[in-house]
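Chemist: Sequence:
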Amino acid sequence: MTDRWKDALRDLDDVGPDESVYRRAAQGPTRSDLPPPPNRLSRIVAGLTAFAVFAVAAVFAWNAFRPESVREGPVPRAVSVAPMGEDGSILWPERTSQALASLQEGADAGRGRTRWLLDPADVADEFVTRVLGWPFGTYEVGLESRTDGVMARVVRAPCQGSDPGSPADACAFGAREDILLAQPVAHGVGGIWAVVSVAAPTFALLDVVPGQTVVNGESVEVHLAPSVELPVVVGSRIGGSSASGNCSGVSGTERLRTDDGRISVSIGSDRDVGTDCGASAPGYAWVATATWDIHAGADPLMGDSTPYVAVTAVPLAVAIPENAAPAGLSTYVDPLGWRVDYPAAWTVTPIATQDHVSTTGAVFSNVTPGVASPNASTPSPVGLDPGTMPLDAVEVVITHREGGPPPDLLSDDSRFPVTLDGLGCPFDSMLLCGVGVRGNGLDYAIEVRRGANASPEDIAAVEALVASMRFRSLDLGAQVNDWTSLGRPRLYPEGVGTATWVGGRLGVVYVMRGPGGTYALDLDPDACGEGENQTWDPTTLQIWIQCPAYLGTGDVRYDRFGRPDPGNAPAFRSPLRAHPVITAWDGSLLISTSRVMEELPQRSWP
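All the letters of the sequence shown, read from the start, carry residue numbers 1 to 606 under my numbering.
In case anyone wonders, no lab produced these hints; they're calculated from the structure.
Backbone N, C-alpha and C define an ideal beta-carbon position, used for all residues, glycine too.
Derived CB-CB ranges, DEER-like: (1) W501 <-> G328: 40 to 50 Å; (2) H295 <-> E494: 19 to 29 Å; (3) D119 <-> T419: 52 to 62 Å; (4) D537 <-> A186: 56 to 66 Å; (5) G531 <-> R490: 27 to 37 Å; (6) R490 <-> P135: 31 to 41 Å; (7) R415 <-> T539: 33 to 43 Å; (8) P407 <-> P515: 24 to 34 Å.
Could you put the whole structure together from the sequences, leaning on the hints where they help?
Modeler: Okay, here's the thing in structure tokens:
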């Protein structure tokens, strides 16, 4: 036990509940069966007064155990806090202003699925059952109106006759949670309620306030009560399902083995990991304990209602300065998902032409206009002519074409960042050259032009622009044009077939990682019926669908080339179609959902 906690415990000797509390507790548990008053904000705990000693002691413990940096009194340093309702100010059920506004719109429209959000007591109940995993009726809630919202004090007494050691036995431990709720969008009647933060005061504290801005790479201090003996896991998450683009990352999640620790709040830059967080994103830090073998990947806010003994969690506004455009540069984001940084003083001309071949993209130039505007007589973009362009001009044209020759379905993406020299285009010695790159399964053309007297600074700016080209990583199942992400290769061991759900018209496919390449076989139909089991037979190198006897189909098998076993039932005697699978720029796998290749199995697997 640390000296800080010893001193904190000695503080408790001087404080305690008064005699009236002990007298009420001695009377035994009582419960009020009266219905709640019309205004549920004013309802008092309908509860077990035997919990009073526990609750009051928790209040004293909260103040005594608080580290000096978060005790009542002057704040030791100024912190930036997100305004209520903005990204990072709310913990649950959403964390972005856009998602919260959508919930409010649903409530305004009278949608049934949002009705529970109009009552803070209902929101508290949903949070306790969904996040903490406490069954309804095993706890008591008291609501306290405050200037900053409503505090729901949730108390659960230990179960009788429980044997701790499994998720079902979490109730063997008494617990208390303080859930702060507020109206993030509209105030008063009709405004939705949301959880600002949750704290288990006798378990753990986080040294931040709700909505505090934390710079990417910093950490949050966590302080545990010395009596905690169950496994404890701490962690943070940035972004999530309601954040922009694919901004989502778990960081710093680990087992905590001491009374004090730190939670890392960090995520890779958009350029490095292909996220789309921008210069800021919502997030949260948390610490939790449970009776089950809680592991480093656990996250109560992303859980499945498995019961926790105690949880403390605080929303954060995470600043990510490395994602901001460097000084003097602006960022162009194309509708297809690629982006580049370019000098802010340059001209940007979007390209969107449609004829027999459709062309999209943009032109970047240090002169105005940088490219002739497409029109009916010039349906394709017309760049500056190196022979007549200003002698000091430079220009970069990045385009993607749809139509014309069949697309390349077998080549992997380029590895980024790319350089003009690496692509065979030494721009400092050439007036005009063009190169090709590939990202997320789509091909792009990069053309660069310059006048004879272009400055070294502008030439360097062109090279930096091309080197800044980057793409967004696709989440598992996300689609871009004809390509769908299968996720990371580690999900699909080499030398075997692995089933996965793609959705759409494909449904279930088997990703085949053969010695010579990767492809996917589309099961059609996806199953023989309810109760089946799909597996890979390593002895015969076959997809094996084990069908229950009552279906009458017998087992179904396909070899690694997609050929059906002669013993298959009639509905399963057609060869499986082989779909191309390539490796994206970030190492993930992409499947072409609409195109098939007859020779793929033979190329990839002898």
